[in-house]
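Visitor: Sequence order for the protein chains is V and F. Residue numbers for the first sequence follow the working numbering, beginning at 1 and rising by one. Residue numbers for the second sequence follow the working numbering, beginning at 1 and rising by one.
FYI, nobody ran anything at the bench for these hints, they're computed from the structure. Mixed in with the good hints, there may be bad ones.
[As the list claims (entries may be wrong)] Below, simulated BS3-like cross-link-like pairs (lysine-lysine); rule was C-alpha separation at most 25 Å, straight line:
1) Lys201/V to Lys34/F
2) Lys203/V to Lys255/V
3) Lys201/V to Lys240/F
4) Lys160/F to Lys203/V
5) Lys111/F to Lys203/V
6) Lys206/V to Lys141/V
7) Lys240/F to Lys160/F
8) Lys283/F to Lys419/F
9) Lys370/F to Lys201/V
10) Lys283/F to Lys201/V
11) Lys96/F to Lys54/V
12) Lys96/F to Lys164/V
13) Lys283/F to Lys203/V
[What the hints assert, rightly or not] Derived CB-CB ranges, DEER-like:
14) Ile365/F to Leu145/V: 49 to 55 Å
15) Val162/V to Gly181/F: 32 to 38 Å
16) Cys176/V to Lys111/F: 43 to 49 Å
On a predicted model such as this, the values are computed, not experimentally measured, just so you know. All C-beta atoms, glycine included, are put in the ideal place defined by N, C-alpha and C.
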Amino acid sequence: MKAYKIIVLAKQVPDTRNVGKDAMKADGTVNRAVLPAIFNPEDLNALEQALRIKDQFPGTTVKILTMGPGRAAEIIREGLFRGADGGILLTDRAFAGSDTLATSYTLGQSLKKMGKIDLIIAGRQAIDGDTAQVGPQVAEKLGWLQVTYVEEVIELKNDTVVLKRRLDRGVETVKCKLPLVMTVNGTAPECRVRNAKLLMKYKRAKTVTELQKENEDYTSLYNDRPDLNIPEWTVNDIENDATQLGLNGSPTKVKSIENVVLQAKDSKVISGVDAEIENMMIELIKSHTIG
Amino acid sequence: MANFYTDNSELKFHLNHPLMEKIVRMKERNFSFKDEFQFAPLDHEDAMGNYELVLEIVGEVCGEIVAPNAESIDAEGPQVVDGHVIYARGTSQNLKALNQAGLMGMSLPYKYQGLNFPIVPYIMAADIVSRADAGFVNIWGLQDCAETINEFASDEQKEKYLPRVCNGDTMAMDLTEPDAGSDLQAVQLKATWDETKNVWLLNGVKRFITNGDGDISLVLARSEPGTKDGRGLSMFIYDKQHGGVTVRRIEHKMGIIGSPTCELVFKNAPAELVGSRKLGLIKYVMALMNGARLGIAAQSVGICEAAYREALEYAKERMQFGKAIIRFPAVFEMLSTMKAKLDASRTLLYETARFVDLYKTYQHISEERKLEKEERDEMKHYQRLADIFTPLVKGMSSEYSNQLAYDAVQIHGGSGFMKDYPVERIYRDARITSIYEGTTQLQVVAAIRGVTTGGFLNRIRYYEAQKISPQLEYLKRSLIILTDEYEQAVKKVVGTDDNEFIDFHARRLVEMAGHIIMSYLLLLDANREESFLRPAKNYITFAKAQVKANAEYIRVSELSDIGNYKFEL
Numbered sequence: 001m002k003a004y005k006i007i008v009l010a011k012q013v014p015d016t017r018n019v020g021k022d023a024m025k026a027d028g029t030v031n032r033a034v035l036p037a038i039f040n041p042e043d044l045n046a047l048e049q050a051l052r053i054k055d056q057f058p059g060t061t062v063k064i065l066t067m068g069p070g071r072a073a074e075i076i077r078e079g080l081f082r083g084a085d086g087g088i089l090l091t092d093r094a095f096a097g098s099d100t101l102a103t104s105y106t107l108g109q110s111l112k113k114m115g116k117i118d119l120i121i122a123g124r125q126a127i128d129g130d131t132a133q134v135g136p137q138v139a140e141k142l143g144w145l146q147v148t149y150v151e152e153v154i155e156l157k158n159d160t161v162v163l164k165r166r167l168d169r170g171v172e173t174v175k176c177k178l179p180l181v182m183t184v185n186g187t188a189p190e191c192r193v194r195n196a197k198l199l200m201k202y203k204r205a206k207t208v209t210e211l212q213k214e215n216e217d218y219t220s221l222y223n224d225r226p227d228l229n230i231p232e233w234t235v236n237d238i239e240n241d242a243t244q245l246g247l248n249g250s251p252t253k254v255k256s257i258e259n260v261v262l263q264a265k266d267s268k269v270i271s272g273v274d275a276e277i278e279n280m281m282i283e284l285i286k287s288h289t290i291g
Numbered sequence: 001m002a003n004f005y006t007d008n009s010e011l012k013f014h015l016n017h018p019l020m021e022k023i024v025r026m027k028e029r030n031f032s033f034k035d036e037f038q039f040a041p042l043d044h045e046d047a048m049g050n051y052e053l054v055l056e057i058v059g060e061v062c063g064e065i066v067a068p069n070a071e072s073i074d075a076e077g078p079q080v081v082d083g084h085v086i087y088a089r090g091t092s093q094n095l096k097a098l099n100q101a102g103l104m105g106m107s108l109p110y111k112y113q114g115l116n117f118p119i120v121p122y123i124m125a126a127d128i129v130s131r132a133d134a135g136f137v138n139i140w141g142l143q144d145c146a147e148t149i150n151e152f153a154s155d156e157q158k159e160k161y162l163p164r165v166c167n168g169d170t171m172a173m174d175l176t177e178p179d180a181g182s183d184l185q186a187v188q189l190k191a192t193w194d195e196t197k198n199v200w201l202l203n204g205v206k207r208f209i210t211n212g213d214g215d216i217s218l219v220l221a222r223s224e225p226g227t228k229d230g231r232g233l234s235m236f237i238y239d240k241q242h243g244g245v246t247v248r249r250i251e252h253k254m255g256i257i258g259s260p261t262c263e264l265v266f267k268n269a270p271a272e273l274v275g276s277r278k279l280g281l282i283k284y285v286m287a288l289m290n291g292a293r294l295g296i297a298a299q300s301v302g303i304c305e306a307a308y309r310e311a312l313e314y315a316k317e318r319m320q321f322g323k324a325i326i327r328f329p330a331v332f333e334m335l336s337t338m339k340a341k342l343d344a345s346r347t348l349l350y351e352t353a354r355f356v357d358l359y360k361t362y363q364h365i366s367e368e369r370k371l372e373k374e375e376r377d378e379m380k381h382y383q384r385l386a387d388i389f390t391p392l393v394k395g396m397s398s399e400y401s402n403q404l405a406y407d408a409v410q411i412h413g414g415s416g417f418m419k420d421y422p423v424e425r426i427y428r429d430a431r432i433t434s435i436y437e438g439t440t441q442l443q444v445v446a447a448i449r450g451v452t453t454g455g456f457l458n459r460i461r462y463y464e465a466q467k468i469s470p471q472l473e474y475l476k477r478s479l480i481i482l483t484d485e486y487e488q489a490v491k492k493v494v495g496t497d498d499n500e501f502i503d504f505h506a507r508r509l510v511e512m513a514g515h516i517i518m519s520y521l522l523l524l525d526a527n528r529e530e531s532f533l534r535p536a537k538n539y540i541t542f543a544k545a546q547v548k549a550n551a552e553y554i555r556v557s558e559l560s561d562i563g564n565y566k567f568e569l
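Bound conformation, chain V alone (with noise of 0.2 Å):
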């Protein structure tokens, strides 16, 4: 039976499910402060799916590949809780302010420094973006094939594998070469509980940035299991073309943010004919409830 070699990518987002009165500050942007810091939850799907493939076929590595500030190494502890075999922390200042595009043009980078992958798997959009263009842009540079709202991996054999796409009507069953970049739906099963055993394994591993900010003190304990290290890679370790990073590599420009509240105070009642239904539709466009 083959094994094969996965990457998931992981995102670390603020977590916009039970936001506050202060989740947003005076100028409209996120108040990272005072939202927790999570892994984003189609991610974990995509986490599942791919130890899912790992259960069944024994050999099989998962990898993490995030990039973000020196905290998002959570995310990569929280893949090994979780049975992952590792990851890879991309961090930088000249990473900070990429929009979806800069962002898949650093990913793919670094995914071809990270010799052959069979598969990427990634969650079909962030919480925080809600954009689901990263995993369709990263398969764009690579020149991959891709398949997006993966619900569940029906077969795998060798180098085949067969999907099921959960589509706004119903569902899709994709049959596709690898390797393949594939986005895994919400709806697809959630991912497993952290293990206890991994976790009492892998509870100290840190990027060298974290050691050296925590003052560790096992440190020789790094010396010796080298699976405690977290690799950080930084611009340095990617081959890259400057102007396609960070801020500098993102078209997207913020004009203004406007925190939408809707407040149903009163009812409409429409007959049904198309007409009315066309009017209602150019009034919600309007009022930006919808569009």
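Take the given structure of chain V and dock chain F to it, following the hints.
Guide: What follows is chain F alone, placed relative to chain V:
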């Protein structure tokens, strides 16, 4: 995200008891496992950190998966298909989650792929799981049986079975038969040695077997033909993979419906002998039962926690006569007394778990090296304490779980009688705790030795000698007075030297000791953490009334009165 560990700071408090330093050091053999096992702790803080992190996982699985599944499991229940048990869907989900989380075989040694946890954090996990679903904790908690294999089976058997338990195989202990319930000496299931196959074969029927279709079962069977008592019984391991046992039916029960209670038919089921022949009941079942009793105590405490929380929440929300019902003295008195009983049961549970930890760990160490005299004395000391505290905590906490479940329904009023609220299930689930693994009456039979030999009194004097802050001294003084009353009652009853009279008052005496011990433990908790002052005070008030009532009953009772209670048959 509901987490049943982090939302209950009292668990952390009990986990961090000062005696844990010694327990952990012994259990980890001075932290010497770290070179061989990467997940073994480096020092005390590291070990305690591990317990906390793992209990957080337990709390998460229980809050997010086990508790939400409890209702559907209760409605669906397990079934028998082709002689085997199919769990309710929620039960399978729970088991899968706990297994993926690595929470099976928690207390087993590292070398068998366990977590080498002391009993205290393991029992704490049981406490948490039970709060989530008291029926489910039965299945999960049967991993206890592995302790008996670890204690008495051969190395070969340990290597064969224990890693399987750590990887999710469920267990069962097959003791009860139609004519052997409380009286296990009457067990008849036959074990015969088959010369040609070179294996023991089991034939007969077992009844009321929790999780009877588990992967690995410990079976009590008669290996000595012609014998009639406990000395003819041996202990066997039956491995479901070999076949030979079918489930004839699952009982229809009042509560803990998700836990399949099976009637089993053994037909030439191959089995392995554990330890020595003839010691099945006398030695191994006693150990098995003590472990199981502590487990039922944890189950009871978990039920108390669930019942109290449900009642508290309802009482805060339910408005009558223009205000929340919790504002009425009749209701807040009930709730606070419930809380006091919950805290009293829990502090006694962890005290007992520490005794078990200390003596069992010494026992295991004694297999590796000769114990020093001091260590041997200490082992015996804690073993004696564990022997009397285990039935005490099982008896007291299971009765309290019933009382709390009753009161929780009462606080819900008519709604509590409906299936719309979890208290209805909690009430049914609680009922079994004071019956199985020995009824309360049988716990009293086991615990009365602590009364007659002075074991409880010695321990009470030990608590009395502990230094506490001056503000708490007045509470201690009232406990010293209660202890005098207890001593006098014991003197009177035991002084008659009449076994029937002692049995007649045994429960009253054991409960008096229990009330005083739990009061002291809460007082010591309050001395360590201020938040326990309220339950401590409330419990001591309650205990005073109970102890005095029992004392008065005994004071006016004469030997000659017993006839008045007897029935002519």
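Visitor: Indicate, hint by hint, whether the structure satisfies it.
Guide: To see whether the hints hold, each was checked on the structure:
1. Lys201/V to Lys34/F: holds (10 Å)
2. Lys203/V to Lys255/V: Since the Cα atoms of Lys203/V and Lys255/V sit roughly 42 Å apart, the hinted pair is violated (cutoff 25 Å).
3. Lys201/V to Lys240/F: It is violated: about 32 Å lies between the C-alpha atoms, which goes past 25 Å.
4. Lys160/F to Lys203/V: violated (30 Å)
5. Lys111/F to Lys203/V: At roughly 21 Å apart (the allowed maximum being 25 Å), Lys203/V and Lys111/F satisfy the hint.
6. Lys206/V to Lys141/V: The given pair, whose Cα atoms are some 30 Å apart, is violated under the 25 Å limit.
7. Lys240/F to Lys160/F: OK: Lys240/F and Lys160/F at ~14 Å, within 25 Å.
8. Lys283/F to Lys419/F: At roughly 43 Å apart (the allowed maximum being 25 Å), Lys419/F and Lys283/F break the hint.
9. Lys370/F to Lys201/V: Violated. Lys370/F to Lys201/V sits at ~32 Å, over the 25 Å cutoff.
10. Lys283/F to Lys201/V: Between Lys283/F and Lys201/V the Cα gap is close to 37 Å, so the pair fails against 25 Å, i.e. violated.
11. Lys96/F to Lys54/V: Roughly 17 Å separates the two Cα atoms, so the pair holds.
12. Lys96/F to Lys164/V: holds (24 Å)
13. Lys283/F to Lys203/V: violated (41 Å)
14. Ile365/F to Leu145/V: 49 to 55 Å: violated (60 Å)
15. Val162/V to Gly181/F: 32 to 38 Å: Between Val162/V and Gly181/F, where Cβ atoms are some 55 Å apart, the hint is violated.
16. Cys176/V to Lys111/F: 43 to 49 Å: This hint holds: roughly 45 Å between Cβ atoms.
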